[in-house]
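J.: If you want the building blocks of each chain, they are given just below.
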Amino acid sequence: MSWHVATVVGARPLTGTARALTLSAPGFAGALPGQHVDLRLTAPDGYQATRAYSLARAGHDERVDLVVDEVPGGEVSPYLVHDARPGDQLEIRGPLGGYFVWHDDDPAPVLLVAGGSGVVPFLAMLRARRSAGQQPGRHAPFRLVCSVRAPGDAIEREEIDAPDPGLQARWVYTRQAPPGWPTPPGRITTADLTAPGFGPDDGTSVFVCGPTGFVEAAAGLLTGLGHPPGRVRTERFGGA
Amino acid sequence: MTTHDAPVHDRPTLDGSALAGLLSEVYAFDATLAVVRCASCGHTDVFARATVYLTAMGAVVRCATCTAVLLVVVERPDGPRVSASGAAWVQAPGG
Chain A
587 MSWHVATVVG ARPLTGTARA LTLSAPGFAG ALPGQHVDLR LTAPDGYQAT RAYSLARAGH
647 DERVDLVVDE VPGGEVSPYL VHDARPGDQL EIRGPLGGYF VWHDDDPAPV LLVAGGSGVV
707 PFLAMLRARR SAGQQPGRHA PFRLVCSVRA PGDAIEREEI DAPDPGLQAR WVYTRQAPPG
767 WPTPPGRITT ADLTAPGFGP DDGTSVFVCG PTGFVEAAAG LLTGLGHPPG RVRTERFGGA
Chain B
254 MTTHDAPVHD RPTLDGSALA GLLSEVYAFD ATLAVVRCAS CGHTDVFARA TVYLTAMGAV
314 VRCATCTAVL LVVVERPDGP RVSASGAAWV QAPGG
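Protein sequence lines correspond, in order, to chains A and B.
Sequential numbering from 587 applies to the first sequence in the working numbering.
Sequential numbering from 254 applies to the second sequence in the working numbering.
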């Protein structure tokens, strides 16, 4: 698959460390919700660094929407979060990966479990579900569980919490909860992952995305609840 | 996936999906949906579910069941090179 030159056309801060970036990418087409791109930067001396980023929106041909969370000391993400400006050029390759994908013709219930910026591919799935029109997936029950350190780390919370029939969102705060939150801060538990209609016997498709440790813990809880390992799809990233 | 933007030696485990772009330079099909049989234990699953470690020499892909090395992918100036000596066979998606 070949590289496309992409131009930054928009940037929007989301949290203290995360930023939404929109790229114009002629020739880029056909992305499915959950897929990613490789993004390549080239320094003036020719040094290249490539990183993978999930698409935050699928189906917008020649336009690439990303959410980048800064990894301190990283080679690529600090530039994308702090320095990239409209007009800047970089290269992308994709869309990539057919495994961690939700298809909008699938009416089965979907349980999405996100750690931190692991919510990004799920934004693409929620957005695809909202725009699925007459496709059976428009009415697929969705439950999104988002684990974040503190309220200020929540990415696109307003959009995720917006009322949408069949969609339920649950927030888990690991270090600091909002004032008056019913439960103390803590890690994700089986109670967060259990809801009527989203069990192993409901034919639920499960997607887990986040830092490696989070993904392994959540996947362990899910298989412990009886979800078949083959129906629990995981996508891990570093920078925990 | 979001990113693994950290020094190579600090990078934790990834999934086979992370190599989709690199392997697209070698295989005409989506390699992450290809089925791989481990030559050591016989475990057979899609490549996306294998475990990937990024090292200074390249990406090491291990069987999710027995951790034997399935593939090593090394990036070279003339393109990536795949050693698949730990795979009994690889089947293209939809085959």
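Worth flagging that the hints you see were computed from the coordinates, not collected in a lab.
Each hint should be verified, as a subset may be incorrect.
Interface residues of chain B toward chain A, partial, derived using beta-carbon atoms under 10 Å [what the hints assert, rightly or not]:
hint	residue
1	THR266
2	LEU267
3	ARG290
4	GLY295
5	VAL299
6	ALA301
7	VAL305
All figures in this text were calculated on a predicted structure; none of them were measured in a lab.
Every residue, glycine too, gets a C-beta built ideally from N, C-alpha and C.
J.: Of the hints given before, which are not true for this structure?
T.: 3, 4
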